[in-house]
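Chains as they are written, first to last, in this note's numbering: chain D, 1 to 460; chain F, 461 to 868.
I should point out that these hints are in silico values taken from the structure, not numbers from a laboratory.
Using N, Cα and C, we set each Cβ at its ideal position, and we do this for glycine too.
Worth double-checking, as some hints may not be accurate.
[As the list claims (entries may be wrong)] Chain F regions said to be covered by chain D (calculated; three or more residues, Cβ under 8 angstroms):
1. 576-588
2. 646-656
3. 682-696
[Claimed, not checked] Have a look at the derived ranges for each label pair, beta carbon to beta carbon:
4. F:D790 - D:V227: 22 to 32 angstroms
5. D:R367 - F:P528: 53 to 63 angstroms
6. D:S33 - F:D842: 34 to 44 angstroms
7. F:T682 - D:T412: 25 to 35 angstroms
8. F:E846 - D:S46: 27 to 37 angstroms
9. F:E822 - D:D169: 44 to 54 angstroms
10. F:Q636 - D:G136: 34 to 44 angstroms
[As the list claims (entries may be wrong)] Residues from chain D that face chain F, not an exhaustive set, calculated with beta carbons under 8 angstroms:
11. Y167
12. E170
13. M317
14. M329
15. A333
16. E395
17. E398
18. V408
19. H452
20. E455
21. H460
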Amino acid sequence: MSQSFNASRVLKTLALLAVTLVASASSLAQDHSATSIDQILRKAWSTAGLESAPLVPDEQFLRRVTLDLVGRIPTPAERASFLASPDRDALVERLLASDEFAPFWADHWTTQLYGYQGDDSDERGLLAEWLTSQIGSNRPYDQIATELLTAKGESAFSGPVNFLLRYPDEPVVKVSRAFLGVRLDCARCHDHPFDRWTKDDFAGMNRFFDGLERQDVSAGNTRLVDVVREVSPEERPRFLTGAEPQTSQWRSEFSLFLTRSRPFARNFANRLWYHLLGRGIVHPVDDVNRDNPAAIPELLDWLADEARQKDFDLRHMIRLICRSQAYQMQSMATQGDEQRLKLFAVRSLKPLTPEQWYASMCLATGRESTADERIEFVLTFFGDALNADFSSSWEYRETVQGLMSRLVDPVTLPSRDTDELFVRFLGRSTTPDERALCSGRSPQDIGFMLLHSSEFAFNH
Amino acid sequence: MKMSSNRRQFLGAGLGGVFSFALRHHCDRLFAADPTLSQKRCVVLWMSGGPSQMETFDPKPGAVTGGPTTAIPTAVPGIEIAANLPEIAKRMDRLSIIRSLTSPEGDHDRGEYLLHTGYPLVQAFPRPTLGSIISHQSPIADFPLFVSIGTRGLGPAYMGPDHAPFAVEDPAEAVQLITGLRRQRSGLRKLDEFNTAFDRQHLDTALQRRRASLQRVERMLTTPFVSALDVDKASEADRLRYGEGEFGRRCLLARRLLESGVRFVEVAHGGWDTHDDNFNNVARLCEEIDRPWAALLDDLQAGGLWNDTIVIWMGEFGRTPQINANSGRDHFPQVTPVVLGGGGLKGGVVVGSTNSTGLEIESESVTVPNLFATLFTAFGLDPAHEFRTDFGAIAQASDHGTPIATLL
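Here chain F stands alone, though its shape is the one from the complex (with noise of 0.2 angstroms):
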């Protein structure tokens, strides 16, 4: 007798079996979230291979180390930054600089890793992702919270693949792809119909996870998220503001999916890794950057977004101030140049500075778990936070940073 009631209670809960789980689910995250969190959005702008400081926010005009590039000044007083970047330059109240972090990972892909995840990279035990965590700590939604434009991304480790970065590579293929499931949507319906007596009669998580995947993909179809994905149905102004540059149709994507609810947007820019020939390739890198990444801050603050989103330049590390014998710069984590702004930090600060020569940090070293600690607790997330990762270990937010205390 009681079985039955129990069976009869189960299948006529129906859709409400998934409901309550996705709801468990969401409870579970409302204790762990601060509620002042739930509005934070980030976008990080990766110059991947790594940029040289002294062609862009820490120019050395003069010095030995410093090569033909020369400085201009900013909005803010008394700051200058490399000639390289007028835009930016314009906009340097909005900005602060961090011409004092150091890292100690000058390989490609442990930087990649390290200024990512806040983390040195240890093979036995992942850590997630900034993205991943942001997108942990957002109320859940039905589209992705973490896009990965123009790269793959790293991944969620025990944050689970639920908070996995969303990877357009190519807008385009994106598109085709929300295209090819807008054609399968009564197919998907009949699915749902199809799978519901075998779900029914079993009892599993990983069964539920699935159904409640295949769900959302549905429901995915008609949030703005996959209207913001079709970056070709921008304004003809909004293209012109941005350029037609890759980079720049990158940023107009990443402006869109944010203000669709988004709240991590990575966006890469690849060719920053300029052993040859680093003065004209950097001057060239720039000016495919400082349009857009001006058109972006410009947009955030006229969207209403400003004060929501942190908005972060940087790569892997920063370049040796010795020039190399093909005018160009090697890799030198010793000094990995942040530039960011919005989302409640400061703008026109300058923290910490390197010497003369640019080889030696001269006052107020910051680490990377520093810049994480500052990145989370704009967020609202105490860097001391201890994740349970899943796989019971204990996992602090932060590397045990401390925050940089003049950009709050």
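So that you can see chain D by itself, here it is in the shape it has in the complex (with noise of 0.2 angstroms):
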């Protein structure tokens, strides 16, 4: 009797959502599809007085997109066919649509969800498995994240199951970081200092979890449950938005407000924008709050409407973003040009990831890559020091002893020919200074100094 009450005031909520949706979908429908990407950014620097940094010639566009997309250098024979026909849409499409690109951004996606561990685990590996096959599928992102958030089973079998599995303690933290973008580690001890959000927020988040239950199947083995928990009105779960579950099925009902909610749609936009711009609209990615506003409101909301008008589909929003103005800009930049770099019009720095890194010198280098080889490159990279949190995919983690260890690693050469050295690492050609500087030197020390050298290290 009561499930089937509950279960038609879901129904309910559900329906009237779902009208809100619509509504206000269709009201902003009109002057959403009319505008673009550029128009808002071109309005944005008017009104700050900023000029726009010129667009990057095409072997740098193909660096940066290749990396971005399928986290890896091109090679001399791409760089030869894309600079034959230099069409960057369609190297667009054929990158999304390339077999790199799904594991490359499930790989990207499970550092920022699991993040590492002392050994790449068979967990981790599940959980990235699971993520190539919905990005392969171009699955809606917040169906993902709904999975994810809902997943039930055993870690040795399930991917998603894992995502929270690795959270037993508070997982609301890691949760509302991935995909609110909201910190609510402050919360978690007393009210946040510079936001909204109190310790009762925190406590009422994290109920939505209590029904969580961890049962040890076997050795390496763990099941994840939900149990009906029975509570008195003033120990339900609620909301940030003040929203408590009716039904039993607190999981499935968070998902739903979590998925349905604005901030939900601002985040997955804000993310993507994040991975491809180098700087976040509202930056850091995962800091939203009253004292740290959207660079650029218009554009974040733009952004996030268009996420939920085209459901949520990644390939999608990326298609956009690469062929922005914004995306395709120079990065050259100096002191005083920090409003600039802020209000995209100039473009970010990235320092590679260490999977991209490991990937470029491999192809640069003509290195064979092996799993093995790459799971202990990415951990030394970091020093073992894995703690951390990889919210942030382009802050500059390396140890000094990762560093120190990459310098010592043999350069294996695939020329000796300095101008196919600049084209194998650099992906462009030689400038007469740069001949001036290599003349007289080994082809050895030309390779060490292009492997380490910042323009390699960075995405640019």
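Put the complex together from the two separate chains, hints included.
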């Protein structure tokens, strides 16, 4: 009796939500489709009196977008073919359709959601594998999030269940950062010092996960199940919006509240923008709070609306952003350009992630990439200091020890010709100055210099 | 016009840009750090697996739980410890024993985390290990201030990668790394030259940090830290006193590193998870640590570092007073033995006691946060000091612990 009553309440709530969503969607549809990323940005630049940077040359665009979409530098052959017919939109399409796209993004998201472990664990691998298949079939992001938050089953068999299993204590801290860009970390001990979140908000959100139970099935295999909890009204979970669950399926309702909320869409848009542009519209991406407003609120809202209208289609969003002027701009900046960087009138730099660096190093040097070496390399890059949070991909996290061990790693050489080495490592031709700098030096020295150069270590 | 003059200034600044970045960083630190802190050092002797208190610092000869372990008098009248540690017994006046530390964590990883950070493990809110905090609170140097010997060590969390442990899993490998880098010195200088153009054309914190790290690597090669790493260079007499065992070499390396300016050294010693054959195993383990540990205490005193260097002996938890069917002892976090001294801490003190069987704490129960509050106070850092994490949260140095007054 009471179950069907609850179920009908949920349906009503859902219907209401749907009506609100459709209404808000149609009201903005007209002016939404009539505008674009570039128009919003041009308005912002002219208001702020900023000059935008020129677009990058083709070979730099190729390197940038290849690193961003499939996680490695382009090969000399890819460079030659692109320069022969430099159609940027077609290149983006090729990369989006490439077999390398899903594994790279899945790996990247796995790091954000799960982090690393001392060794690359089976659980992490299962989560990455599952994400690869989801991204491969272009599953809408809200559905991916829902499954991560509601997954049940055993860690040795289910990919998505390993996300929540990773955070046995206070999962809501990670969940709200990953999916809302909100840091409840502070509110766990006291009211948020510079936001409206209170200790009660934190407790209310965390209670959505109170029904979670971990059961040890066998060595290395844990089962995640829900147990129904009867609680007094004041001990019920409460979403940040004030919404409370109507059924006993707290996690399912949480994921509904979450994925239907505007901050969820904004967070999705902002994180994609951050991945591609190197700087969030709200920056850092997981610090949405009153004292840290969006640099260009119209842009964030436009992208969030676009995401909702297009059913959180990852490839569609990437395509839109990569085609924009802001994405294709040069990154040269000096002191005094802080405001231009903040409003995307000039591109930000991004250090390659360890995974991008390793894949690119293997390509440039002709070294064979192996799974074991790759894991070992990633672990050493961070100097084994892996219990950090990986929300910000483009932070420089390399330890001095990680850097040292890379510097002594012998560089294998695919060629002894200076010009060819420049193309392989940096994806560009040699300048006369550089040719002078390199003359009389051994190919080995030149390879060392190119591999460890800033230009190689960054996506620019 | 204005643009170009800014640009010229920036170009002209060159290395100055990096320097002022480092300087800003440094000033930040000075602002946060207590000046009395600058001299303090710490060495943690980490007994991995969880050492038995019953066979080390809280023996119960004659009790039903005591096993064959006997007790011996120490340099301090009234304090007796297990006969397994005769050299340490002679130096008991310098060390204090905490017999009443209790911890909730009976799992190896969680216990290790708690005893390294002073906080329970919460995956979504990583805490820095003590070594990273000490590194962060010390004046900047061209070499790592936190070295972890024989273990990879836990991470720096919000203290950032500059305060990650420099892991010396095998001293020979570390020496090889340095030798390899020495061969790359001219390459490093040419790399710096090549990077200059790109680095000047871009304005980015990550870029500046990487450039600073590369320069730090080059400068490190000429610091005493590098020669200290080469433990084979130690005198014959030193090597004899520390013994040829692995733990002895690690302790000797620790002393050399502390003398070279390193602020925090963790020395790992494995094998203490004695579920089987506890008595023979712990006797052997104690023999492995007794002389090197004593030599370290003697050298720190002789070298004038004793009053600035805290020495802590501990592991992730203690072991059950009940003896299991395999003559072993199992995990017992309820009583976790800790021995500490130096750095201004009192020696010859016993904090708390357990009852005749060792099953219950009888007096002065102490928590892990209390231990950490004591250590922070000895370092001159307020245990309630609030760090601001890179993700905006405020984190107290100690998890609401109060210092153990009898040790200070």
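Okay, the hints, checked on the actual structure:
Taking a C-beta to C-beta cut-off of 8 angstroms, the region 576-588 of chain F contributes 7 residues in contact with chain D, enough for the three needed, and the coverage statement holds. Using a Cβ-Cβ cut-off of 8 angstroms, 7 residues of the region 646-656 of chain F lie near chain D, which meets the minimum of three, so the contact claim holds. Under a criterion of three residues with beta carbons nearer than 8 angstroms to beta carbons of chain D, the stated coverage of the region 682-696 of chain F fails, only 0 such residues being counted. D790 (chain F) and V227 (chain D) have their C-beta atoms about 30 angstroms apart, which keeps the hinted 22 to 32 angstroms range intact.
Range check, R367 (chain D) to P528 (chain F): about 57 angstroms between beta-carbon atoms, so the 53 to 63 angstroms window is met. Our hint of 34 to 44 angstroms for S33 (chain D) and D842 (chain F) is violated, since their Cβ atoms are close to 58 angstroms apart. With their beta carbons about 30 angstroms apart, T682 (chain F) and T412 (chain D) fall inside the hinted range of 25 to 35 angstroms. Range check, E846 (chain F) to S46 (chain D): Cβ separation about 43 angstroms, and the 27 to 37 angstroms hint is violated.
The supplied range of 44 to 54 angstroms is broken by E822 (chain F) and D169 (chain D), whose beta-carbon atoms lie about 32 angstroms from each other. Taking the beta carbon of each, Q636 (chain F) and G136 (chain D) are about 43 angstroms apart, inside 34 to 44 angstroms as hinted. Because the beta carbon of Y167 (chain D) sits about 5 angstroms from the nearest beta carbon in chain F, less than 8 angstroms, this interface hint is met. With 8 angstroms as the threshold, the beta carbon of E170 (chain D) comes within range of chain F, its nearest partner Cβ sitting at about 6 angstroms, so the hint holds.
With its C-beta approaching chain F no nearer than about 25 angstroms, M317 (chain D) sits outside the 8 angstroms limit, and its interface hint is violated. With its C-beta approaching chain F no nearer than about 13 angstroms, M329 (chain D) sits outside the 8 angstroms limit, and its interface hint is violated. Annotation: A333 (chain D) was flagged as interfacial toward chain F, and the flag holds, the nearest CB pair being 4 angstroms apart, inside 8 angstroms. The closest approach between the C-beta of E395 (chain D) and any C-beta of chain F is roughly 7 angstroms, which is under the 8 angstroms cut-off, so the hint is satisfied.
Against a cut-off of 8 angstroms between C-beta atoms, the interface hint on E398 (chain D) holds, since the closest Cβ of chain F lies about 6 angstroms away. Residue-level restraint check for V408 (chain D) holds (minimum Cβ-Cβ distance to chain F is 3 angstroms; threshold 8 angstroms). The beta carbon of H452 (chain D) comes within 5 angstroms of a beta carbon in chain F, closer than 8 angstroms, and the hint placing it at the interface holds. Taking 8 angstroms as the C-beta contact cut-off toward chain F, the hint placing E455 (chain D) at the interface holds, the least distance being around 5 angstroms.
A distance limit of 8 angstroms between C-beta atoms decides the matter here; for H460 (chain D) the minimum to chain F is near 7 angstroms, and the interface restraint holds.
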